[in-house]
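> Sequence:
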Amino acid sequence: MAACTRSFRRVLTGCHKSLLISNGQCSTNVSQIVPKQVPVRQFAAVKAVKKEQKEQKDEKQKVIKERKIDDTNRHKPFGLTAWEPIDDVYITRFYPKPVYDAETAIGMLKKFQQLDFTYPKQPIYIDLKLDMKLEKKKKVDPFVSTVHLPHSFKTDVNKVVVFTENAEDAKVAKENGAAFVGGAELVQKILDDEIQADFYVAVPDILPRLLTLKNKLRKKFPKSKRGSVGTNIPKMLELFKTGHEYLVERDCYILTKMATLDMPTEQIIDNLDTIIKDVCSHRPLNLGPFIERAIICSATSEALLFKIEQFLPKIEEEDEK
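For reference, each letter of the sequence shown is one residue, going 1 to 321 in the numbering used here.
Rather than coming from a laboratory, the hints here were simulated on the basis of the structure.
Where is the CB? At the ideal position from N, CA and C, for every residue including glycine.
Among these hints, one or two may not hold up.
As the list claims (entries may be wrong) - Mimicking DSS-like on lysine-lysine, the simulated pairs with C-alpha atoms at most 27 Å apart in a straight line are:
1. K219 x K314
2. K277 x K220
3. K133 x K111
Said to hold, decoys possible - Using C-beta positions, here's what the derived DEER-type ranges look like:
4. K60 x Q310: 38 to 44 Å
5. D88 x Y119: 23 to 29 Å
6. Q267 x E165: 27 to 33 Å
7. L80 x S152: 41 to 47 Å
8. Y119 x S152: 16 to 22 Å
9. D192 x E103: 48 to 54 Å
10. T81 x S152: 25 to 31 Å
Could you build all of it, start to finish, from the sequences and the hints given here?
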């Protein structure tokens with residue numbers, strides 16, 4: 001019995017000592033010997049690493065975007081199935097859009113009209129995308145042009161106003177089919193919408209008296225660049241009475257009518273050739289092709305890409321002496 005009592009006392013004594021150590025009596029001595037290891041924050045370093053990784057990723061994406069893939073010697077175009085489908089039933093997004101000759105594209109538009117039973121005299125449109133770049137980071141300003149088509153498709157003659165105060169010029173203008181002829185007295189009538197016309201031409205002497213019409217007429221205001229200011233009134237009337245006007249929209253696009261679907265293919269080609277050559281005259285030929293992409297369509301048909309190489313003007317080479 002005495003032995004059991006002694007062993008029990010020893011157990012109680014050991015437990016009491018362990019409690020004292022846990023309460024801090026011995027922890028002070030240990031802390032003086034072993035230095036404390038305080039964790040250091042490294043958030044800034046992690047942020048810098050992430051920033052560098054993001055910059056590297058952006059540089060890689062930029063290189064991928066700038067890389068131009070040459071498909072000339074490839075067995076198939078990049079990202080598509082093949083250059084041409086093997087049959088007449090295929091998913092269009094898996095193949096590049098075909099580019100047709102102008103004659104073939106016009107023939108397809110005529111066939112679409114017959115298959116769809118649409119209006120046979122519907123207009124034909126062309127959509128051109130232009131390269132407006134010039135030398136030294138300059139650009140071609142959006143322009144408006146009037147061209148005389150070899151085969152007119154309009155049924156009505158354009159109304160033309162001639163500004164002149166010379167009696168002889170006024171007589172010549174009336175004889176050549178001007179809708180309205182006069183001087184400064186026409187300004188107020190135009191502002192009040194009593195006179196409305198498709199085109200306005202003027203002789204150079206009267207231009208200072210027409211400045212109040214600039215905000216009213218805007219692009220139709222007579223300008224020498226457009227050929228609506230000059231002394232040859234019969235020539236200007238011949239151009240603007242039956243002329244076809246087109247303009248550059250959204251900085252680099254031209255969308256304009258050029259013919260009707262019932263016209264012979266040869267006449268449509270002549271009108272197309274005239275418009276493209278007139279468009280190319282607004283930028284020097286030595287800077288390369290002015291037209292980047294050409295589309296033709298009718299009012300109810302799908303759009304077709306067509307080749308324009310045969311219509312582009314060529315640089316005349318000087319004969320070597």
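> With reference to the structure, classify each hint as holding or not holding.
Consistency of the hints with the structure:
With a C-alpha separation of about 31 Å, the suggested pairing of K219 with K314 is violated against the 27 Å cut-off. Note on K277 and K220: the hinted pairing holds, with a Cα-Cα distance of about 23 Å set against a maximum of 27 Å. Simply put, K133 and K111 have alpha-carbon atoms about 38 Å apart, too far for the 27 Å limit, and the pair is violated. Restraint check, K60 to Q310: a C-beta distance of roughly 42 Å satisfies the suggested window 38 to 44 Å.
Range check, D88 to Y119: Cβ separation about 27 Å, and the 23 to 29 Å hint holds. Roughly 41 Å separates the CB atoms of Q267 and E165, a value that falls outside the hinted 27 to 33 Å. Checked against the hint of 41 to 47 Å, the C-beta distance between L80 and S152 comes to roughly 42 Å, which is consistent with it. Restraint check, Y119 to S152: a C-beta distance of roughly 19 Å satisfies the suggested window 16 to 22 Å.
Our hint of 48 to 54 Å for D192 and E103 holds, since their Cβ atoms are close to 50 Å apart. Checking the proposed 25 to 31 Å range against T81 and S152 shows it is violated: the Cβ atoms sit about 45 Å from each other.
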